[in-house]
Amino acid sequence: MHLLVFIKQVPDASQVRVNYNTGTLIREGVPAIINPFDKHAIEEAVRIKEKFSGTVSVITMGPPMAESSLKEALSMGVDNAYLLSDRVFAGSDTLATSYALWAGAKKIIEEKGDVDIFLSGKQAIDGDTAQTGPGIATRFDIPLVTYAIAIKDIDLKKRTIEIVRLIESGAETIETTFPCFITVEEEINKIRYAPLPYLIRAARATIKILNTKNTKIDSSKCGLKNSPTKVKKAFTPQKRERGEMINKGSMQDTLNFLYENIESTLKDMGKI
Amino acid sequence: MKRKDFDVIIVGAGPSGLAAGFVLAKAGVNTIIIERGKFPGSKNVMGGIFYTKAMDDLIPEFYKEAPVERHIIEQNLWFMDDVSHLGVSFKSQKYNSEPFNSFSVFRAKFDRWFAKKVEQMGALIINETVVTQPIVEGGKVVGVKTDRPDGDLYADVVIGADGVNSFLAKQLGLRNKIKPNIVALAVKEVIGLDKEKINDRFQLRSDKEGAAYEMTGPFLDGMEGMAWLYTNSSSISIGVGVVIQDLIEHKTNPNDLLEKIKAHPSVAPLIEGGQTKEYLAHMIPEGGYYATPKLFTDGFLTTGDAIMFVNNVNREGSNLAIESGKLAAKTYLEAKQTGDFSSKSLSRYQDKIRKSFACKDLSMYKNMPKLLEEKRYFLTKYPQFFIDFVYDWFSVDGVSKPDKIKKAKKEFGDKFGYVNFAKDLYAIWRYMIR
Amino acid sequence: MIKQDIGEYKHIWIFVEHKDGKAKSVSFELISKARELAEVLGCEVHTFALGKKVKHLADEVFRYGANKFYFIEDNLLSEYKTEPFRDAASYLIDKYKPEIVLIGATTLGRDLAGTIATKLNTGLTADTTGLDIDKKTNNLLMTRPTFGGNLMATIFCPDNRPQMSTSRPGVYKAVEFSVEGEVVEESFKFNKSNYLKTVIDKTLESEEAVNLNFYDVIVAGGLGMETKENFKYVKELSSILGGTWAASRKAVQMGWAPQTRQVGQTGQTVHPKIYIACGISGAIQHQVGMKSSEIIIAINKDEEAPIFEIATYGIVGETGKILPAMIDLFREKIKKER
Ligand SMILES: Cc1cc2nc3c(=O)[nH]c(=O)nc-3n(C[C@H](O)[C@H](O)[C@H](O)COP(=O)(O)OP(=O)(O)OC[C@H]3O[C@@H](n4cnc5c(N)ncnc54)[C@H](O)[C@@H]3O)c2cc1C
Ligand SMILES: Cc1cc2nc3c(=O)[nH]c(=O)nc-3n(C[C@H](O)[C@H](O)[C@H](O)COP(=O)(O)OP(=O)(O)OC[C@H]3O[C@@H](n4cnc5c(N)ncnc54)[C@H](O)[C@@H]3O)c2cc1C
Ligand SMILES: Nc1ncnc2c1ncn2[C@@H]1O[C@H](COP(=O)(O)O)[C@@H](O)[C@H]1O
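Chains as they are written, first to last, in our numbering: chain A, 1 to 272; chain B, 1 to 434; chain C, 1 to 338.
One or more hints might be untrue.
Claimed, not checked - Derived pair list, reagent style DSS-like, types lysine-lysine, alpha-carbon separation capped at 25 Å:
1) B:K330 x B:K344
2) A:K267 x C:K22
3) C:K202 x A:K152
4) B:K116 x A:K208
5) A:K107 x C:K119
Please keep in mind that the hints were generated in silico from the structure rather than gathered at the bench. For clarity, every value in this text was computed on a predicted model and none was experimentally measured.
With these hints in hand, go ahead and build the complete structure from the sequences.
This is the structure we're talking about:
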């Protein structure tokens, strides 16, 4: 079985601060991490591999420094790591990104064989778009299963997989066939403390670089210039002001005051 | 057949472990370095003054490529009381030429760079993994256990470069528990400041030149310790280290001491307007020569801070760590020729250490700790007297200069006694110079 | 990028999401917002729905001011599955060429929109909280939060049509505005062998499986709830307010709540109208998941707790005392009002 995981290196959003004077993000000193959801995608792929045997490949599109995230993925038990890196990719929006990743994935398939399961995180914590996975799945024209919280069953003979996913009103179990594309939530698994042999293999592994020269990626479909969406402006939201501390002496008065303050909102929502 | 995963396992990717790894990997030895931090240097967030020589021997002109801050062209030693400082200052343009005597560095950056070099030489560095104990078979160290699943590793030789707390040396019985009188607790801050401001305040002509200050004296209330301040590219490092025993006895907290130093009228203007960017507390072995534990056993060598290889008088540590790492690696290479990694074969390491400049330096200062323990007033009363005298000397108050000298002579005689003073001078000579 | 003849494209389309034949309120919110935009553009607001039985939704969308209602009914669409929905929607959009397509940023909407945009080779701006028309160019300006709400970006799609966006529920107000609309039935020839997904089981919302984003009131408990037992207050208060309950990571780690109910960086990002944080310190990782809530009420015994920095209303005190009193009061008031 061959599993391919899409991972993105992101700035740790929880450490990004806003400079309200200049309206920009302070990214200096913010560590670059593997998008947390993607780590669970890696973990899930490695678990499936351990159970059914096979190989796990990962790919990331990003600048050369994203290599460190690939190394980390390798140390979690991944077998092959690919860095899709080229100047022409800079500034790609989700349509262009999913195009490049799709083309990159095809190159990996050429090298390492057909992929049975593609995995990605449900969304990246920097952009929060949750679009890249659906985009790639559509280009491959394979079944897409988003927001997966568990993989229940895999039948290698029938080449089917049962996945539990979140929906608005609860959860549903889907059965689909290989190849398929799954985007995962955090609760799909707990990330294990990787065994030492994985780390040693990762330290020895080399990362393969993919770019417009060694793949069939059409550079007229990538990058800022060729992305349909453009950023007109970026600005910081109004700083959330510290609100009101309510203390009206007695608890009853305090709570009554609170209620009066939110009554109209409750009305608008049709709660009362 | 006996299991063997690597030729050498190095525990700890500090300067000494990395130096050992560099030499070994360069000689084609199959080497792995295990580091518990997220990356080399991450546990040692801040830096220090890095003396060039040992590293330059290893990687010539490393400073052209490595992340260094400023090369130091001025060194100051200040004796301070609460309101004054009496300083000795040395600045020389000789320090402005390559290969430079010393640099200020940030360990997180520097060690990371060094680690890359070591990896390029072919050693494996495994981060985020803690070595929990040595594996000993038949009285010989044959590997280590780590906290990872499937985490045992076997090798011909293990090098313990695991820093001042060295669990390995302790577990192997090479050293005793560190006593509070031979370790200092250091606290340190990095204060961000504009390059131009630093150049102005410290009279430096470019942001490559740097200055360093060491401070001691009565403001420490008789505790044995040293404060320091030096310039980085666009920040200032300031810190203080005090022997733990003294902290306990004086019921003092090093953070308060650091605040006191930052507020000192001679120091405050140097750091004014800066913003604290990082904060660190760490132990420094201060035991010097006598604290050095046994350096080896069957299949095992230990280096750097783990052998208390720190010259606390001249604030050297990382360069000595590098030196000892190199020597450990060379010892291994020699032993490899015969395939004998027994204690006897590895004992060559001890000789090498003895012959090194570092050990000679340590030997020179070997009685310092003891001397200071006995004659604590070296740090308090003498400096205070001289500060007061200088103050008096420069004050124009109607008393003639000859009279001032006369008065001082008398006071000195009353306070210390000339005979005692002579004895103290002799003691210093006997303890240190001889 | 191949430029399209964008002049061909006209009108604003709204995807009508429904569950078991009942339309989601976000669809009406978007119709109302689209009417504003249509006025600037001088065009109409059209809607489209897919399902087994959806024709009846026409009346509802006309009530909110949609001028047209397109629909496809097919057994294959009886349950939501990405691929047949994607293909049917793409077919309609490709055929009628609207200049703007808006879809609710619900779980379903976000699953679907990316696949449609890829099929149509156009831009999509996800999860927007603001929509506007650039008067000079008539481009749609779509504003959305990124970096956990730390930065807002205004995005536009100058050369491709349709301009697509998923929009957060609850941002716009649904305003009734009756229109005599036109109903257009369409059909699509599905190639059934293309669809390899079956839903074999659905579990209704449970402790374990819940989509917090669905709720306009969330009551969340943290370590300051002190015991698992005490979480009953959190649950009760949320049910009185017609919302749901959630937890901080520490509470999840204590086993007081399933991970699916975790709010924050590695849990769910929520933006309800009212978020009540009970015994939650307000660590940054928690904040990124909830700080865009409209009203934040924080209860914490430590008046220095960082949660108070972002709370609209803060009450200092013990959760074990305040929550029972709050439950009584709200139950009373809500009963009275009804
Ligand atoms: C505040 C302060 C200021 C200093 N200033 C200077 C100065 O100005 N100039 C100077 O030259 N020196 C200075 N030193 C001393 C210098 O930092 C040390 O001497 C030097 O770092 C020693 O190197 P080392 O490799 O022996 O140990 P370390 O640098 O301590 O490295 C040991 C490494 O081993 C790792 N490790 C430990 N245990 C384990 C384990 N069980 N498993 C895996 N990994 C483990 C640690 O994470 C660490 O990375 C200073 C020290 C301090 C604390
Ligand atoms: C990579 C990463 C990802 C993370 N992701 C998330 C995430 O998605 N979601 C998340 O929530 N956290 C996350 N965290 C953890 C986060 O940093 C905090 O540890 C966590 O949010 C704290 O939970 P808490 O507020 O319940 O607990 P604490 O921080 O322990 O706070 C408990 C609060 O309760 C108050 N309190 C105690 N007793 C009472 C009482 N009787 N009455 C009233 N108040 C009381 C205390 O004053 C305190 O403020 C993440 C951390 C990391 C490192
Ligand atoms: N540049 C990228 N390289 C590899 N995978 C990516 C990249 N961007 C997004 N992804 C994957 O797509 C998922 C959703 O990302 P997004 O659409 O940006 O929210 C992420 O969790 C990743 O798995």
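Indices of hints not satisfied (ascending): Every hint satisfied by this model.
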